[in-house]
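*Asks:* Sequence:
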Amino acid sequence: MARKDITMSPDELRAFLEEGRTLLVASLHRDGRPHLVPMWYVMEDGKVVYRSFTRSQKIVNLRRDPRLSVLVERGEAYAELQGVMIEGRARLIDDPAYVLALYGKMAAKYAMVGPEPKVLSPEELESAFGRYAPKNTAVVVEPVRVTTWDHTKLGGAY
-19 MARKDITMSP DELRAFLEEG RTLLVASLHR DGRPHLVPMW YVMEDGKVVY RSFTRSQKIV
41 NLRRDPRLSV LVERGEAYAE LQGVMIEGRA RLIDDPAYVL ALYGKMAAKY AMVGPEPKVL
101 SPEELESAFG RYAPKNTAVV VEPVRVTTWD HTKLGGAY
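Under the working numbering, the first residue of the sequence shown carries the number -19, and numbering increases by one thereafter.
Since the hints were made in silico from the structure, they are not lab data. Glycine included, every Cβ here is placed at the ideal spot set by N, Cα and C. Some clues are possibly wrong.
Unchecked claim - With a cut-off of at most 25 Å between alpha-carbon atoms, the simulated DSS-like pairs for lysine-lysine come out as follows:
id	residue 1	residue 2
1	Lys85	Lys115
2	Lys133	Lys115
3	Lys27	Lys98
4	Lys115	Lys27
5	Lys85	Lys133
6	Lys89	Lys115
7	Lys27	Lys85
8	Lys85	Lys98
9	Lys27	Lys89
10	Lys133	Lys(-16)
Said to hold, decoys possible - Pair by pair, the computed Cβ-Cβ distance ranges are:
id	residue 1	residue 2	range
11	Ala(-18)	Pro76	16 to 24 Å
12	Ala77	Asp45	37 to 45 Å
13	Pro14	Arg(-17)	20 to 28 Å
14	Arg44	Ala(-18)	33 to 41 Å
Work out the full structure, taking the sequences as your base and the hints as a guide.
*Replies:* This is the structure:
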């Protein structure tokens, strides 16, 4: 089988990223070594978006050099492996209102407030995350190249 046979369609790609849970983010240290960390994320207008403390190493790295790679993958056995790797540039957003809204989207996807994901009212959002938003930076991943694979399309052969 050729690479094109295991490539995700645009609809499959969109669904895969919407359903994904953990984003692996690689930025570059000053000396070129990779800095690799797991992050929670959401999708906004077809782009991966996450947040981190403004003084975190990943944000410091991205301010200096906005190149990054991100990966979402799943599967245990070879025939189950699926993934999306995005090579791109980070667009950093330091607006506390934007970051607070991002916290809200993340709380609706992940159990950030209590044992289950929850859609927060504006008051709940402010109470839970209002003090953190000014200390965080949002990262929008602007894709340069996207690579996908879906080994479930192999039909057990490889």
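*Asks:* Hint by hint, work out which the structure violates, then give me just those numbers in ascending order.
*Replies:* Numbers 2, 5, 11 and 12 - these are the hints that the structure violates, sorted from lowest upward.
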